[in-house]
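S.K.: Sequence:
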Amino acid sequence: MHFHHLSIDEALKALEADPQAGLTEAEAQARLITHGPNTLAQGKRTSALAIFANQFKNVMVLVLLAAAVISGLTHDITDSIVILVIAVVNAVIGFVQEYRADKAMAALARMAQPLAKAVRGGRVRELPSAQLVPGDLIVIEAGARIPADARIIEAAALRIEESALTGESLPVEKSPGALAADLPLAEQTNMAFMGTVCVYGRGRAAVCATGMETELGRIARYIQTLQQGETPLQKRLAGLAKILAAATVALCALIFVAGWLKGIAPPLMLLTAISLAVAAIPESLPAVITIVLSLGIQRMVKKNALVKRLPAVETLGSVTVICSDKTGTLTQNQMTVTDVFCGGTDILVEGTGYAPAGRLLAGGRPAEVSGDLELLL
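If you count by this note's numbering, then the sequence shown holds residues 1 to 377, one letter each, in order.
Treat the hints as calculated values from the structure; they're not laboratory data.
Hints may be right or wrong, so weigh each one.
Restricting the straight-line Cα-Cα distance to at most 25 Å, the calculated cross-link-like pairs of lysine-lysine (DSS-like) are [claimed, not checked]:
{"hint": "1", "residue 1": "Lys103", "residue 2": "Lys262"}
{"hint": "2", "residue 1": "Lys13", "residue 2": "Lys103"}
{"hint": "3", "residue 1": "Lys103", "residue 2": "Lys302"}
If you anchor each label on the Cβ, the simulated ranges turn out as follows [what the hints assert, rightly or not]:
{"hint": "4", "residue 1": "Val96", "residue 2": "Glu350", "range": "36 to 42 Å"}
{"hint": "5", "residue 1": "Ala279", "residue 2": "Thr320", "range": "37 to 43 Å"}
{"hint": "6", "residue 1": "Ala238", "residue 2": "Ala357", "range": "50 to 56 Å"}
{"hint": "7", "residue 1": "Pro37", "residue 2": "Leu73", "range": "50 to 56 Å"}
{"hint": "8", "residue 1": "Val124", "residue 2": "Ala238", "range": "55 to 61 Å"}
{"hint": "9", "residue 1": "Glu368", "residue 2": "Arg123", "range": "34 to 40 Å"}
{"hint": "10", "residue 1": "Ala247", "residue 2": "Asn304", "range": "54 to 60 Å"}
Backbone N, C-alpha and C fix where the C-beta goes; we use that ideal spot for every residue, glycine too.
Full structure from sequences and hints, please.
M.R.: This is how it looks when you write it as C-alpha coordinates:
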(Lines of atoms letter the chains of each structure in order from A and count residues from 1; the text may use other names and numbers.)
(Lines give C-alpha, C1' and ligand atoms only; values in the text may rest on other atoms or scores of the structure.)
Protein backbone atom coordinates (compact mmCIF):
# COMPACT_ATOMS: atom_id res chain seq x y z
CA MET A 1 0.00 0.00 0.00
CA HIS A 2 1.31 3.47 -0.92
CA PHE A 3 0.84 5.25 2.40
CA HIS A 4 2.46 8.42 1.08
CA HIS A 5 -0.43 8.69 -1.42
CA LEU A 6 -3.09 8.52 1.31
CA SER A 7 -4.36 11.45 3.34
CA ILE A 8 -3.75 11.41 7.09
CA ASP A 9 -7.28 10.20 7.81
CA GLU A 10 -7.07 7.48 5.14
CA ALA A 11 -3.71 6.28 6.44
CA LEU A 12 -4.93 6.15 10.06
CA LYS A 13 -8.07 4.30 8.98
CA ALA A 14 -6.03 1.75 7.00
CA LEU A 15 -3.78 1.19 10.02
CA GLU A 16 -6.69 1.21 12.48
CA ALA A 17 -4.75 3.74 14.53
CA ASP A 18 -5.98 6.38 16.99
CA PRO A 19 -4.20 9.73 16.34
CA GLN A 20 -4.57 10.76 19.99
CA ALA A 21 -4.47 7.68 22.21
CA GLY A 22 -2.45 5.37 19.96
CA LEU A 23 -2.82 1.63 20.49
CA THR A 24 -3.74 -0.11 23.70
CA GLU A 25 -1.34 -2.68 25.14
CA ALA A 26 -3.73 -5.48 24.18
CA GLU A 27 -3.91 -4.26 20.57
CA ALA A 28 -0.13 -3.89 20.41
CA GLN A 29 0.45 -7.41 21.72
CA ALA A 30 -2.02 -8.88 19.23
CA ARG A 31 -0.34 -7.08 16.33
CA LEU A 32 3.11 -8.10 17.58
CA ILE A 33 2.02 -11.74 17.31
CA THR A 34 0.69 -11.12 13.79
CA HIS A 35 3.55 -9.04 12.36
CA GLY A 36 6.47 -10.24 14.49
CA PRO A 37 9.14 -8.11 16.19
CA ASN A 38 10.40 -4.94 14.58
CA THR A 39 13.88 -6.28 13.85
CA LEU A 40 15.90 -7.07 10.76
CA ALA A 41 16.60 -10.75 10.19
CA GLN A 42 20.22 -11.50 10.94
CA GLY A 43 20.32 -14.59 8.77
CA LYS A 44 20.94 -18.10 9.99
CA ARG A 45 23.41 -18.12 12.87
CA THR A 46 26.41 -20.37 12.33
CA SER A 47 26.75 -22.92 15.11
CA ALA A 48 30.06 -23.57 16.86
CA LEU A 49 30.23 -27.01 15.23
CA ALA A 50 29.69 -25.50 11.77
CA ILE A 51 32.42 -22.90 12.38
CA PHE A 52 34.83 -25.68 13.35
CA ALA A 53 33.85 -27.83 10.36
CA ASN A 54 34.39 -24.87 8.01
CA GLN A 55 38.06 -24.83 8.98
CA PHE A 56 38.48 -28.09 7.04
CA LYS A 57 36.82 -26.75 3.86
CA ASN A 58 40.18 -25.89 2.40
CA VAL A 59 41.94 -27.78 -0.37
CA MET A 60 45.30 -27.56 1.39
CA VAL A 61 43.85 -28.96 4.62
CA LEU A 62 42.13 -31.75 2.68
CA VAL A 63 45.47 -32.65 1.12
CA LEU A 64 46.94 -32.80 4.63
CA LEU A 65 44.19 -35.14 5.78
CA ALA A 66 44.74 -37.34 2.74
CA ALA A 67 48.45 -37.49 3.57
CA ALA A 68 47.61 -38.50 7.15
CA VAL A 69 45.35 -41.30 5.92
CA ILE A 70 47.97 -42.55 3.46
CA SER A 71 50.64 -42.52 6.18
CA GLY A 72 48.35 -44.52 8.45
CA LEU A 73 47.66 -47.09 5.73
CA THR A 74 51.39 -47.58 5.22
CA HIS A 75 51.83 -48.16 8.96
CA ASP A 76 53.76 -44.90 9.40
CA ILE A 77 51.73 -44.04 12.49
CA THR A 78 54.10 -41.33 13.76
CA ASP A 79 53.87 -39.24 10.59
CA SER A 80 50.11 -39.78 10.47
CA ILE A 81 49.65 -38.53 14.03
CA VAL A 82 51.92 -35.51 13.47
CA ILE A 83 50.01 -34.48 10.33
CA LEU A 84 46.64 -34.90 12.06
CA VAL A 85 47.82 -32.82 15.04
CA ILE A 86 48.94 -30.04 12.67
CA ALA A 87 45.56 -30.10 10.89
CA VAL A 88 43.59 -30.05 14.16
CA VAL A 89 45.71 -27.26 15.69
CA ASN A 90 45.20 -25.23 12.51
CA ALA A 91 41.42 -25.77 12.75
CA VAL A 92 41.32 -24.91 16.47
CA ILE A 93 43.19 -21.62 15.96
CA GLY A 94 40.85 -20.59 13.15
CA PHE A 95 37.79 -21.71 15.12
CA VAL A 96 38.76 -19.72 18.23
CA GLN A 97 39.27 -16.50 16.26
CA GLU A 98 36.02 -16.77 14.28
CA TYR A 99 33.95 -17.94 17.25
CA ARG A 100 35.15 -15.01 19.37
CA ALA A 101 34.33 -12.58 16.57
CA ASP A 102 30.87 -14.12 16.15
CA LYS A 103 30.16 -13.79 19.88
CA ALA A 104 31.44 -10.21 19.90
CA MET A 105 29.15 -9.28 17.00
CA ALA A 106 26.18 -10.82 18.80
CA ALA A 107 27.04 -8.88 21.97
CA LEU A 108 27.29 -5.63 20.01
CA ALA A 109 23.89 -6.29 18.44
CA ARG A 110 22.33 -6.79 21.89
CA MET A 111 23.93 -3.59 23.19
CA ALA A 112 22.68 -1.61 20.18
CA GLN A 113 18.99 -2.38 20.72
CA PRO A 114 17.45 1.12 20.49
CA LEU A 115 14.50 2.63 22.30
CA ALA A 116 11.59 4.50 20.76
CA LYS A 117 8.94 6.88 22.05
CA ALA A 118 5.41 5.73 21.26
CA VAL A 119 1.91 6.65 22.36
CA ARG A 120 0.28 3.69 24.09
CA GLY A 121 -3.07 4.07 25.81
CA GLY A 122 -2.92 7.87 25.55
CA ARG A 123 0.50 8.13 27.22
CA VAL A 124 3.93 8.67 25.67
CA ARG A 125 6.11 5.72 26.62
CA GLU A 126 9.69 4.75 25.92
CA LEU A 127 9.91 1.13 24.80
CA PRO A 128 12.28 -1.11 22.82
CA SER A 129 11.84 -0.42 19.12
CA ALA A 130 11.55 -4.18 18.55
CA GLN A 131 8.10 -3.99 20.18
CA LEU A 132 6.71 -1.45 17.71
CA VAL A 133 3.87 -2.64 15.48
CA PRO A 134 1.94 -1.19 12.51
CA GLY A 135 -0.51 1.38 13.86
CA ASP A 136 1.75 2.55 16.68
CA LEU A 137 2.01 6.31 17.03
CA ILE A 138 5.68 7.31 17.41
CA VAL A 139 7.11 10.61 18.63
CA ILE A 140 9.96 12.00 16.51
CA GLU A 141 12.49 14.39 18.07
CA ALA A 142 15.81 15.88 16.98
CA GLY A 143 18.63 13.37 17.36
CA ALA A 144 16.31 10.35 17.35
CA ARG A 145 16.76 7.46 14.93
CA ILE A 146 13.54 6.50 13.16
CA PRO A 147 12.65 3.00 14.45
CA ALA A 148 10.28 1.91 11.64
CA ASP A 149 8.71 3.09 8.39
CA ALA A 150 5.96 5.54 9.34
CA ARG A 151 3.45 7.96 7.79
CA ILE A 152 3.97 11.44 9.21
CA ILE A 153 0.78 12.95 10.67
CA GLU A 154 2.28 15.97 12.49
CA ALA A 155 5.41 17.96 11.66
CA ALA A 156 6.95 21.09 13.16
CA ALA A 157 10.02 22.17 11.15
CA LEU A 158 10.79 18.46 10.85
CA ARG A 159 13.90 17.49 8.89
CA ILE A 160 15.22 13.95 8.51
CA GLU A 161 18.61 12.86 7.18
CA GLU A 162 18.11 9.89 4.82
CA SER A 163 21.62 9.28 3.48
CA ALA A 164 21.55 5.67 4.72
CA LEU A 165 18.78 4.94 2.19
CA THR A 166 19.09 7.51 -0.57
CA GLY A 167 22.72 8.66 -0.37
CA GLU A 168 21.54 12.27 -0.13
CA SER A 169 23.48 14.00 2.65
CA LEU A 170 21.19 17.02 2.98
CA PRO A 171 18.28 16.65 5.43
CA VAL A 172 14.83 16.35 3.86
CA GLU A 173 12.07 18.64 5.12
CA LYS A 174 8.99 16.63 6.04
CA SER A 175 5.30 17.55 5.95
CA PRO A 176 2.12 15.47 6.42
CA GLY A 177 0.32 16.28 3.15
CA ALA A 178 -0.62 13.50 0.69
CA LEU A 179 1.60 13.00 -2.38
CA ALA A 180 1.38 11.42 -5.83
CA ALA A 181 1.46 7.61 -5.89
CA ASP A 182 4.43 7.03 -8.22
CA LEU A 183 7.13 8.93 -6.32
CA PRO A 184 10.60 7.50 -5.64
CA LEU A 185 11.78 7.00 -2.08
CA ALA A 186 13.76 10.25 -1.92
CA GLU A 187 10.66 12.32 -2.81
CA GLN A 188 8.26 10.79 -0.29
CA THR A 189 8.40 13.78 2.03
CA ASN A 190 5.50 12.64 4.21
CA MET A 191 7.22 9.40 5.20
CA ALA A 192 9.87 8.59 7.80
CA PHE A 193 11.98 5.51 7.13
CA MET A 194 13.63 3.04 9.46
CA GLY A 195 17.33 3.75 10.04
CA THR A 196 17.18 7.45 9.14
CA VAL A 197 17.82 10.22 11.68
CA CYS A 198 15.81 13.28 12.68
CA VAL A 199 18.20 16.24 12.71
CA TYR A 200 15.79 19.09 13.36
CA GLY A 201 12.28 19.76 14.60
CA ARG A 202 9.74 17.33 15.93
CA GLY A 203 6.69 15.40 14.81
CA ARG A 204 4.47 12.37 15.12
CA ALA A 205 4.01 9.48 12.73
CA ALA A 206 1.94 6.32 12.43
CA VAL A 207 4.00 3.16 11.92
CA CYS A 208 3.04 1.48 8.64
CA ALA A 209 5.78 -1.15 8.26
CA THR A 210 8.13 -2.92 10.65
CA GLY A 211 11.08 -5.31 10.48
CA MET A 212 11.78 -6.90 7.12
CA GLU A 213 8.76 -5.15 5.56
CA THR A 214 10.47 -1.76 5.82
CA GLU A 215 12.56 -0.23 3.04
CA LEU A 216 15.68 -1.04 5.07
CA GLY A 217 14.39 -4.60 5.48
CA ARG A 218 14.08 -5.01 1.72
CA ILE A 219 17.73 -4.03 1.37
CA ALA A 220 18.68 -6.51 4.11
CA ARG A 221 16.72 -9.26 2.34
CA TYR A 222 18.60 -8.59 -0.89
CA ILE A 223 21.97 -8.65 0.88
CA GLN A 224 21.14 -12.03 2.41
CA THR A 225 20.71 -13.51 -1.07
CA LEU A 226 24.29 -12.63 -2.04
CA GLN A 227 26.71 -15.54 -2.04
CA GLN A 228 29.97 -15.21 -0.15
CA GLY A 229 32.82 -15.87 -2.57
CA GLU A 230 36.37 -16.98 -1.96
CA THR A 231 39.02 -14.43 -1.08
CA PRO A 232 42.09 -13.99 -3.32
CA LEU A 233 44.22 -15.84 -0.75
CA GLN A 234 41.83 -18.80 -0.66
CA LYS A 235 41.84 -18.99 -4.46
CA ARG A 236 45.65 -18.93 -4.60
CA LEU A 237 45.98 -21.57 -1.87
CA ALA A 238 43.45 -23.81 -3.60
CA GLY A 239 45.37 -23.44 -6.86
CA LEU A 240 48.66 -24.23 -5.11
CA ALA A 241 47.17 -27.31 -3.44
CA LYS A 242 45.88 -28.63 -6.78
CA ILE A 243 49.26 -28.08 -8.44
CA LEU A 244 51.07 -29.81 -5.56
CA ALA A 245 48.65 -32.73 -5.63
CA ALA A 246 48.95 -33.18 -9.40
CA ALA A 247 52.74 -32.85 -9.38
CA THR A 248 53.08 -35.25 -6.45
CA VAL A 249 50.89 -37.90 -8.07
CA ALA A 250 52.75 -37.59 -11.38
CA LEU A 251 56.18 -37.79 -9.71
CA CYS A 252 55.20 -40.75 -7.54
CA ALA A 253 53.80 -42.59 -10.55
CA LEU A 254 57.01 -41.91 -12.48
CA ILE A 255 59.20 -43.21 -9.64
CA PHE A 256 57.02 -46.30 -9.20
CA VAL A 257 57.21 -47.16 -12.91
CA ALA A 258 60.98 -46.50 -13.04
CA GLY A 259 61.62 -48.78 -10.07
CA TRP A 260 59.35 -51.48 -11.43
CA LEU A 261 61.17 -51.39 -14.79
CA LYS A 262 64.47 -51.85 -12.94
CA GLY A 263 63.14 -54.97 -11.31
CA ILE A 264 62.49 -53.60 -7.82
CA ALA A 265 59.60 -55.30 -6.05
CA PRO A 266 56.31 -53.39 -6.66
CA PRO A 267 55.28 -53.35 -2.94
CA LEU A 268 58.58 -51.70 -2.04
CA MET A 269 58.25 -49.12 -4.84
CA LEU A 270 54.65 -48.41 -3.80
CA LEU A 271 55.80 -47.72 -0.25
CA THR A 272 58.60 -45.50 -1.58
CA ALA A 273 56.19 -43.55 -3.79
CA ILE A 274 53.72 -43.02 -0.94
CA SER A 275 56.50 -41.86 1.39
CA LEU A 276 57.64 -39.38 -1.24
CA ALA A 277 54.07 -38.10 -1.64
CA VAL A 278 53.75 -37.46 2.09
CA ALA A 279 57.16 -35.78 2.24
CA ALA A 280 56.29 -33.49 -0.68
CA ILE A 281 53.29 -31.98 1.09
CA PRO A 282 54.06 -28.79 3.12
CA GLU A 283 52.26 -29.85 6.30
CA SER A 284 53.02 -26.64 8.20
CA LEU A 285 51.80 -24.22 5.51
CA PRO A 286 48.10 -24.12 6.57
CA ALA A 287 49.07 -23.65 10.23
CA VAL A 288 51.53 -20.86 9.39
CA ILE A 289 48.90 -19.05 7.29
CA THR A 290 46.28 -19.39 10.03
CA ILE A 291 48.67 -18.04 12.68
CA VAL A 292 49.64 -15.06 10.50
CA LEU A 293 45.97 -14.23 9.81
CA SER A 294 45.20 -14.58 13.54
CA LEU A 295 47.92 -12.05 14.33
CA GLY A 296 46.33 -9.77 11.74
CA ILE A 297 42.95 -10.08 13.49
CA GLN A 298 44.56 -9.19 16.83
CA ARG A 299 46.08 -6.06 15.30
CA MET A 300 42.73 -5.11 13.78
CA VAL A 301 41.01 -5.50 17.15
CA LYS A 302 43.52 -3.06 18.66
CA LYS A 303 42.39 -0.59 15.97
CA ASN A 304 38.71 -1.15 16.94
CA ALA A 305 37.97 -3.22 13.83
CA LEU A 306 36.22 -6.56 14.31
CA VAL A 307 36.91 -9.20 11.63
CA LYS A 308 34.54 -12.18 11.55
CA ARG A 309 36.37 -14.44 9.08
CA LEU A 310 40.11 -15.14 9.02
CA PRO A 311 40.55 -14.86 5.21
CA ALA A 312 38.96 -11.39 5.28
CA VAL A 313 42.14 -10.02 6.88
CA GLU A 314 44.17 -10.72 3.76
CA THR A 315 41.41 -9.34 1.53
CA LEU A 316 41.29 -6.09 3.50
CA GLY A 317 45.08 -5.87 3.27
CA SER A 318 44.82 -6.00 -0.53
CA VAL A 319 42.45 -3.01 -0.72
CA THR A 320 44.06 0.09 -2.23
CA VAL A 321 41.03 2.33 -2.86
CA ILE A 322 37.71 2.58 -1.01
CA CYS A 323 34.87 4.43 -2.77
CA SER A 324 32.14 5.41 -0.33
CA ASP A 325 29.53 8.09 0.28
CA LYS A 326 31.04 9.16 3.60
CA THR A 327 28.27 11.44 4.89
CA GLY A 328 26.00 9.51 7.20
CA THR A 329 27.92 6.28 6.60
CA LEU A 330 31.56 6.77 7.56
CA THR A 331 30.56 9.85 9.54
CA GLN A 332 27.41 10.51 11.59
CA ASN A 333 26.37 13.65 9.67
CA GLN A 334 25.94 15.59 12.91
CA MET A 335 27.15 19.19 13.00
CA THR A 336 28.99 19.93 16.23
CA VAL A 337 29.91 23.30 17.74
CA THR A 338 33.54 23.24 18.83
CA ASP A 339 34.36 26.90 19.49
CA VAL A 340 32.34 29.98 20.48
CA PHE A 341 33.62 33.57 20.52
CA CYS A 342 31.37 35.95 22.43
CA GLY A 343 31.89 39.08 24.49
CA GLY A 344 35.63 39.01 23.90
CA THR A 345 35.84 35.48 25.29
CA ASP A 346 36.91 32.42 23.31
CA ILE A 347 35.10 29.35 24.65
CA LEU A 348 35.98 25.79 23.71
CA VAL A 349 32.96 23.46 23.54
CA GLU A 350 33.56 19.79 24.32
CA GLY A 351 31.35 16.85 23.30
CA THR A 352 30.22 15.51 19.95
CA GLY A 353 26.91 15.10 18.15
CA TYR A 354 23.62 15.69 19.92
CA ALA A 355 24.58 14.08 23.23
CA PRO A 356 24.08 16.57 26.12
CA ALA A 357 27.57 15.94 27.47
CA GLY A 358 30.73 18.02 27.55
CA ARG A 359 32.19 21.12 29.15
CA LEU A 360 32.65 24.79 28.26
CA LEU A 361 36.29 25.80 28.66
CA ALA A 362 37.77 29.30 28.67
CA GLY A 363 41.54 29.48 28.80
CA GLY A 364 41.71 25.78 29.61
CA ARG A 365 39.47 26.16 32.65
CA PRO A 366 35.73 25.47 33.05
CA ALA A 367 33.75 28.57 32.03
CA GLU A 368 30.85 29.75 34.16
CA VAL A 369 28.15 31.10 31.85
CA SER A 370 24.99 30.66 33.91
CA GLY A 371 25.35 34.12 35.46
CA ASP A 372 26.07 35.89 32.17
CA LEU A 373 22.84 36.07 30.15
CA GLU A 374 24.49 37.57 27.05
CA LEU A 375 27.17 34.88 27.00
CA LEU A 376 24.66 32.10 27.72
CA LEU A 377 22.45 33.13 24.80
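S.K.: Against this structure, judge whether each hint is valid.
M.R.: Structure-based check of each hint:
no. : hint                          : in the structure
1   : Lys103 <-> Lys262             : violated, 61 Å
2   : Lys13 <-> Lys103              : violated, 44 Å
3   : Lys103 <-> Lys302             : holds, 17 Å
4   : Val96 <-> Glu350: 36 to 42 Å  : holds, 40 Å
5   : Ala279 <-> Thr320: 37 to 43 Å : holds, 39 Å
6   : Ala238 <-> Ala357: 50 to 56 Å : holds, 51 Å
7   : Pro37 <-> Leu73: 50 to 56 Å   : holds, 54 Å
8   : Val124 <-> Ala238: 55 to 61 Å : holds, 58 Å
9   : Glu368 <-> Arg123: 34 to 40 Å : holds, 39 Å
10  : Ala247 <-> Asn304: 54 to 60 Å : violated, 44 Å
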